[in-house]
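Asker: Chain A is already provided as a structure; the job is to place chain B on it using the hints.
2 protein chains.
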Amino acid sequence: MQKDRNIILADSIKRLLRRGATRSLQNILSKTHAADLSLAFRELSKSSRLTMFNLMSDPEQQSILLSELEENIFLELVPEINLDEIATIFENMAADDAAELLGHLDEELSDAILEKMKNEDSLEVEHLMSYGEDTAGSIMVPNFIAIKEDMGAKDAIAALQSNMDVEMPFYIYVVNEYGKLVGVCSLRQLVVVPPETPLKEYMATDIVSVNTYTDREEVAEIVARYDFLAVPVVDDDHRLVGIVTVDDVIDIISEEATGDILKMAGVGEDYIETQTIFRGTRIRLPWLFTSFLGGLAAFFIIGGFEESLEKYTYLAAFIPVIMGMGGNIGTQSSTIVVRGIATGRINIRDIWSVVGKELAIGVILGLVYGLFIGVVAKIRFFSEPLSLQLAFSVCLAVISSMSVAALVGSLVPLLFEKANIDPAVATGPFVTTSVDIVSVYCYFMIATLLLGI
Amino acid sequence: MQKDRNIILADSIKRLLRRGATRSLQNILSKTHAADLSLAFRELSKSSRLTMFNLMSDPEQQSILLSELEENIFLELVPEINLDEIATIFENMAADDAAELLGHLDEELSDAILEKMKNEDSLEVEHLMSYGEDTAGSIMVPNFIAIKEDMGAKDAIAALQSNMDVEMPFYIYVVNEYGKLVGVCSLRQLVVVPPETPLKEYMATDIVSVNTYTDREEVAEIVARYDFLAVPVVDDDHRLVGIVTVDDVIDIISEEATGDILKMAGVGEDYIETQTIFRGTRIRLPWLFTSFLGGLAAFFIIGGFEESLEKYTYLAAFIPVIMGMGGNIGTQSSTIVVRGIATGRINIRDIWSVVGKELAIGVILGLVYGLFIGVVAKIRFFSEPLSLQLAFSVCLAVISSMSVAALVGSLVPLLFEKANIDPAVATGPFVTTSVDIVSVYCYFMIATLLLGI
Chain A
15 MQKDRNIILA DSIKRLLRRG ATRSLQNILS KTHAADLSLA FRELSKSSRL TMFNLMSDPE
75 QQSILLSELE ENIFLELVPE INLDEIATIF ENMAADDAAE LLGHLDEELS DAILEKMKNE
135 DSLEVEHLMS YGEDTAGSIM VPNFIAIKED MGAKDAIAAL QSNMDVEMPF YIYVVNEYGK
195 LVGVCSLRQL VVVPPETPLK EYMATDIVSV NTYTDREEVA EIVARYDFLA VPVVDDDHRL
255 VGIVTVDDVI DIISEEATGD ILKMAGVGED YIETQTIFRG TRIRLPWLFT SFLGGLAAFF
315 IIGGFEESLE KYTYLAAFIP VIMGMGGNIG TQSSTIVVRG IATGRINIRD IWSVVGKELA
375 IGVILGLVYG LFIGVVAKIR FFSEPLSLQL AFSVCLAVIS SMSVAALVGS LVPLLFEKAN
435 IDPAVATGPF VTTSVDIVSV YCYFMIATLL LGI
Chain B
15 MQKDRNIILA DSIKRLLRRG ATRSLQNILS KTHAADLSLA FRELSKSSRL TMFNLMSDPE
75 QQSILLSELE ENIFLELVPE INLDEIATIF ENMAADDAAE LLGHLDEELS DAILEKMKNE
135 DSLEVEHLMS YGEDTAGSIM VPNFIAIKED MGAKDAIAAL QSNMDVEMPF YIYVVNEYGK
195 LVGVCSLRQL VVVPPETPLK EYMATDIVSV NTYTDREEVA EIVARYDFLA VPVVDDDHRL
255 VGIVTVDDVI DIISEEATGD ILKMAGVGED YIETQTIFRG TRIRLPWLFT SFLGGLAAFF
315 IIGGFEESLE KYTYLAAFIP VIMGMGGNIG TQSSTIVVRG IATGRINIRD IWSVVGKELA
375 IGVILGLVYG LFIGVVAKIR FFSEPLSLQL AFSVCLAVIS SMSVAALVGS LVPLLFEKAN
435 IDPAVATGPF VTTSVDIVSV YCYFMIATLL LGI
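Protein sequences appear in the order of chains A and B. Residue numbering for the first sequence follows this note's numbering, beginning at 15 and increasing consecutively. Residue numbering for the second sequence follows this note's numbering, beginning at 15 and increasing consecutively.
Just chain A, same shape as in the assembly:
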C-alpha cells in the first residue's frame, strides 16, 4: 500500500511536469513529506528531479529530501544545484546528516559547500567529519540537554523551556562543573521532586555512555538492548559531547543487515540495486573469481581420477547431488553462525560447542540423505556387478560431504570473527568453494577405493 502511494505520487508529478503546471507542483511539494518525495524521485528522470528540487521553497524540506535520497541519485543531483542554495540547505540540515552526505561528495565540491556555509554551521559539520567513519562521533548530534548537577528541579525546568529548540528532550543529562557526564534524570522526576532539590541527589548515576570512537554497530546494539531513545557520547575525559539518537540507530541496524546479506551472497556490501549494468558487473566480477578458482581445482581433481571415470562412467552422474547437498548444508551452517554472531546469540567463547552441534547435525542429515541416494544408486544400477559398492561409495560421499560442509560452514566464520575479520565477507564464496573441492575429492577417493580401481 505504501509503495502504491509513491507510484501514484510519482505519476501525478510526471503528468504535471509535462503540462508545466508549476502552481500545482508547488502545492503537491508543500503537502508531501520529504521522505515520500525521496521515493517518488526514484521514478523521475534526472532533469525532472532538478526541476522539482528547484521548485521546493523550504530549505528544511530540501535538506530532509537530500538525506533520504539514494546515494547515486544524490550524487547526480547535488552538482546541478546552485552553490549558494546548496550551502543554505546544508546549514538547515542536522549536523550528523550534513557530515555524512558531504563525506560522499567529491572533496572539491564538499570543500566549496563548506566554504559557502555560515561559519558556525560549517565548523560543527567539519568537527563531525573529523571522526572516523562508522564511529559514534561521526553520527552524533550536539542537540542534547545538559544541566549542572547543583541545579534545582525548578531551575532545570526553566532551563528546559528556554531550550526548546532541542526537538524532544529525550533525557536530561547531568554534568559536573568540568562538563563531565555524571548522571541522567527524566522529565517525570523533575516534575515530582521538591523544586529546590539539586539534581545530583536523585539523578541515576549508573549511566551507559559510548566514546566518540565506539563503532556504530556497537552503539546500535546498546540502544537496541536497553530500549534507549538516545545514548550519550563522551570524549576521552568523559565530557559529554553529543548524543546518538534512535532514528539513526534504526538506519544502522537496517544497513548492517543489508550489508551482511549482500556480503554473504558474495556481492559486496556496497552493491546498490539501482546502479548501471557496467558498475554492477565490475563489482560482482571479482566475487565470482573464488568460485572460478574452486571450479578449476575441482576440474583438476576429477581429471586426476580419469581412469576411474573411464571404467565407471556413471560416477559422473552423482557429482551434482553430492556437491549440491554439501553446498546447501554449508550455506545453512555458515548463515546461522554469521547471523548468530551479528545478533549476539552466538559467542566466540562457545566456538567448540557451536561447531560440535553443527557437525552433529551435518552427520545426521548426511546419514539420512546418504541413505536415500545410496538406495537410488543401488536401484538404478541393480544389474551392474559392483552396484552395492557403488551405492555404498555414494552414500559415504554424501555423509562426508555434508559433515565437512557443516564443519567448515560453522568453523570458518567463527575463526574469522576471532581474527577480527568480518565473518560475513568470509562466508559466502569461501565456504561454498572449499566445500565443493573437498566434496569432489572425497567422493572420487572413496569410489576409487571401494570399487577397487
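The hints are simulated quantities; they were obtained by calculation from the structure and are not laboratory data. Honestly, I wouldn't trust all of these hints.
Same chains, same label: a pair holds when it works inside one copy or across any pair of copies.
Straight-line alpha carbon distances no greater than 20 Å define the calculated SDA-like cross-link-like pairs of lysine to any residue that follow [stated by the list, open to error]:
1. K168 to R202
2. K392 to G318
3. K45 to D241
4. K132 to E121
Answerer: The following block gives chain B in isolation, referenced to the frame of chain A:
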C-alpha cells in the same frame, strides 16, 4: 567489549552460586540491567537460572528479564516459577510484551496466568492477544497521551503533569469528542503558544496513523521512514486505541532481517541457534529436500548422456565449474532482488527493467568467465582432436548457465512477490536447485551437439 562484559558477569554469578553467596548475588542482581542479565542467563544451567530468578526481588526487573530472554530459555524457565509470582510479574509487564510472551506459552499455562492476574491487567493483555499475530494491534501499548481538541495549552500541560506514569510523552495526540484522532502537537508548541488557545488551532492535522490490523513490517517501515518515535494506532472508526513505539520497531527490523537471511539460506525463519541438535536437524531436514530432488534430476539428466561421457570422459571434469558459476551468480541475483524488495529499493512495477539488467550482467559475466574456462579447456586438451569444439562447448555452457541463473535468480523472487508469496522463502533452495538442473542439461546438450556425438 559488550560481549566480554556479559561473560565476566556470567562467570561471577556461577562462582557465587557455587559458593552459595546469596547476599552477593542479590547485590549483583539489584545493580545489573535486566537486558544484561538476559545475556548472562544464556551461560547458566537450567537450575541456576531458576535460582537466580527467584533471588530477584523486583517484579519489574523480572518482567524485563523475561521479555529479553531467548524464547527457548523463556519456555523452559516459566513453568518452574510459582504461579502467583509469575502472575505478579506479568501484571508489571508492558501489555504488549505480556501479550507476546503469553502467546508463546502453552494455552493451559497462559490461561492459568491470566486467571491469576488482576482483572484490569489481564483484560488489557487479552484484548491485545485478540489481534492477529504480526499486526499493529498486537504490538501497540495503551500508554499514550490524548488531549481533547478544545483544551487550551495551559490545561494541556497540567493534564500532562498529572499523567506522568506515561514514561515519555513522545507526542501529544489530539482527539475530538468521539475519541477520533484529529491531530498531533509537540511539547514545544504547548510551551510557546498563548495558554488559552485551543489545541485544534495549531495542531498538525496531516497525521500518519496505522490501523490495528496493519502488518507490523509496514508499521516498522513507516516509523523508520519518517523518523518517528511512535506511530498512533486507530480502529476502524479512526478512534485512537494505542501507539507502537520505536523500541518495538527496532526489534521488528532486526527480526525481519534475521528471518529473511535464514529463509534465503534455506533454514526456515524460526531457526534458533541455541536449540537442541534434534530440533535443529528436524527443522533443516525438509529444506534440504529440494536440493536432493534437484540432485536426483541432474543425476538422471547426466545418465541420459552416458554415451557422450563414455566417448569423452573429461566432460565430467567441467561439471563442478559450470554448476558453481551458475549457482553463485544466481545467489547474487536473487539476494539483490529479495533484499531490494524488502528495503523498498526495488519495485515490483519495474520487474522487466530489473530482470533485464540482471540478465545483461549475467551475459557479460558469463562471457568473461566462459572465455577463461574455454581457454583452460583448450590448453589442457591441446593434443586432443576436438579440443577446439570442447573449449567452445564449455565456454557456451558457462555463458548459458550464468545467463539463465541471473534470469531465474532475479525473476523468481519478483514473481513470488507479485503472487504474494514471501520472496525470501522462495529464493534460496528453489533458485539454486533449478539453476543446477538447467546448467547440467544445457552443458551436455551443447557438448553433444558440438562434439558431434
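Asker: Indicate, hint by hint, whether the structure satisfies it.
Answerer: Tested hints:
1. K168 to R202: both (13 Å within a copy, 18 Å between copies)
2. K392 to G318: Classified as between; 17 Å across copies, 26 Å inside a copy.
3. K45 to D241: So K45 and D241 pass the 20 Å test across copies only (18 Å; inside, 33 Å).
4. K132 to E121: within (19 Å within a copy, 63 Å between copies)
The structure is consistent with each of the numbered hints, conforming to all of them.
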